[in-house]
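Go ahead and model the full structure; you've got the sequences and the hints to work with.
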Amino acid sequence: MKKDVFTYIIGGKAGQGTKKAGIVAANFFADKKREVFQMNDYPSLIRGGHNFSVVSTSTEKIFSHYMKADLVVALDERSYHIHKDHVNKNGLMVFNSDKIKGKGIGISISSESKKYDNSNQIEGVSGISIIVSMLGSNKEKLDEVIEKEYSRNLKDNKNFAHAIFDVADKKIRDKLDLREGKEKKVSLSGSEAIGLGAAASGLDIYFAYPMTPSTPVLHFFANNGKKIGVTSVQPENEIAVANMAIGASVTGARSMVGTSGGGFCLMQEAFSLAGMSECPVLFYLGQRPGPSTGVPTYTAQADLMMALNPGQGEFPRIVASPGSIEESFYLTSELMDLIWRFQTPGILLSEKHLGESSMTVNLNLNRVKWAKPKKSKSNKYKRYKITKTGISPLLFPPSNQLIKWNSYEHDEEGITTEDADEISKMHLKRLNKLHSLVDYLKEKVKTVNVFGRGSPCVFTFGSTTMSVLEALDYGNIKATVVQPIYLQPFPTWEIEKYKNKKIVVVEQNSTGQLEQLLKDKCGIEHVLSIRQFNGRPFDPINLSKKLEEAK
Amino acid sequence: MTKDLSMDTEITWCPGCGNFGILNAFKKAVEKLGKKGIRNKNILISSGIGCHGKIFDYVGLNGLYSIHGRSMATVQGMKIGNPSLKVVAFAGDGDAYGEGISHMIFAAKRNSDITVIVHNNGTYALTTGQFSPTSKKGFKGPSMPKGNIEEPLNPLSLLLESGASFVARGYAGEIDHLSDIITKAVLHEGFSIIDVLQPSVVFNNTYKVYNKLTEKNSKPAKKLNEAIKLSKKLEDKIPIGVLYKTKKPVFNEKLYGKQNPVRDRLNRKNRLKKIKEFL
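Line by line, the protein sequences give chains A and B. When we follow the working numbering, the leftmost residue of the first sequence carries the number 1, and every step to the right adds one. When we follow the working numbering, the leftmost residue of the second sequence carries the number 1, and every step to the right adds one.
Honestly, I wouldn't trust all of these hints.
In silico SDA-like pairs for lysine to any residue, Cα to Cα no more than 20 angstroms straight-line [stated by the list, open to error]: (1) K226(A) with K276(B); (2) K216(B) with K245(B); (3) K226(A) with K273(B); (4) K245(B) with H188(B); (5) K374(A) with R268(B).
FYI, nobody ran anything at the bench for these hints, they're computed from the structure.
Here it is as structure tokens:
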């Protein structure tokens, strides 16, 4: 039996609060113990254009939004025309009858909103009035939501919500029946989960220059940092961001930076500095479509190759990409632990689709890793002491022992050297560290997720994992999904066992970067590729057809 | 860490280089700072890349030998991480006024509590003498064999306009005077910049010119526009000393008050407790 999915789309102009309306609806459904996936689609502008938010909810686990809606609320004409084809056979189109002449249920939203100072922004509030009415609920329930979610200009929001509710109630009351789910969970965005995971692992300072889609993490810390012990700083550019983070790590502060492709390009000299000086900094790289400025507010997985090879020279890099919002919480903390354990830079690679979508999650704080570096107890401190593992214990200022970190090739004391033997020694030390890291991953870390069983074997990574899981579920297709969480070092020891299976690779780029990686690292060839590179996440219905064809 | 900051590293600057003067002045300044209660272990240093940067290996203080143009960003991160420490960035004129000029302007703008010592020799010496942001028009180097076609930048007037709260010019040939300036700069709470006139014996030997033109400035200007005027005096006489000093709130205190992220770190239990409350 197919799971019961209810999908709600609200569309309007930028500034009308459609994104907020989507989040409010997601929280509302989550309150009913339902599972939720919510996705925002918006162009790069502040007022006007076309924004929409999709919320799909089910009593069972759900990993993606659907573009087939049971309820569409169109605040403007463009939204009506774009989304009328997204309405399900038995679905409902509710539109702003002051702006649109169409089929469905018209409600005069704008003539009501005109009565308020922020007439445009308030229109998004109508979404929740419509949902509450459709479910046959009452104004008390509506007030509860408004007080929680729309507390700014509360009086206006309440009055407006009531007025829309009264009109809607005559036309759509009780049209909808949504069962309660099993377990009450919170709905969190990927960015919030990443922020919380970092904080839980001991993050002290987050540095970032605004760049979509990584900015919500900066906003998260700017708004909530004080409550959870994290300082956030917005320096003049990404170069300052990365170098300040390195400076902070030298004092023992756990530091992290966030950016997207273009900003990450600017950080690469600092990334290499972190590699050479063995300085732990976590880089959050939220992907969007490139090249160059590309399509700023949409999604892609085309920076995988860049994330695997940033910075000049050879040094250990750790790159991992979470396959769900829940996983992004744990993985951020795990990466923070790893980069401090192995004193090298790490990348949390993700996408707009994960960072800016929301999903119901269950967070177990006891499972979170805590970044705790190995500290020196010696009274003859050497910053780059040669050890078996390649890891030199750390010491932080203030200290009467000399602590010298260096971007130049250096000796064990951290003093610049050009001596041939010293150069080789230090290369071997960093190489040893890489070997230790691989050993550690093999023994202690879950590097690959495997879901389901059967043929074919579907390889994917990052947020596309969610699309694949939902597509298989939708199409009732049996397959084995293999998601490498770690991409550098690449877990060949886990992946190689699938070498002779029938393989499909699903990813959001045009050249097949994961496919290339599988070939380079594991000799996996002759695969079937499913690629999408239009900035939009996969739609599970379309993807399930493609996966069915690949069977 | 030795008390006199000495290192047993071979010094590879050209004999007679202005960098020796800066090294000696800095060591003297650290000694004076010790008498004012600032212990060596509470100072962190960083440097960029170029002849100046070698000072990192020659001074027995803790820190990070950074990359070209970034030592000013590095020390700002150090200060944010642990504001109880005094931080000093060494930079060349290529570092501070070329590659890393944005960090200088913004450090001044936000009044980061850091000290920047610029070894300003008016040339890219370690890369064999190309023109730099402060090279005079007509300065000949391998990348401009017929002479520099650009006008030099005046970094101090630029930084005064950007909001710098301590602005000084020093001369590598006046070691005691320079060490006094460095001491004051490190003690100053806020962004301190010392532009040090530094002769490069091989590519831009300015000893004679600076010996003749430099003139000690006894009192910092009271007003910003007077300080800007002083900073622009470079022809007949060059005033050296503190040109401007004012009191402003420092960045780290504007950011998080009297907190110290490293010292006040929560342990795992308390951090998770806070997150639980937040959720």
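Here is what the structure says about each hint:
no.	hint	result
1	K226(A) with K276(B)	14 angstroms, holds
2	K216(B) with K245(B)	16 angstroms, holds
3	K226(A) with K273(B)	14 angstroms, holds
4	K245(B) with H188(B)	9 angstroms, holds
5	K374(A) with R268(B)	16 angstroms, holds
The structure fails none of the hints (numbered hints given earlier).
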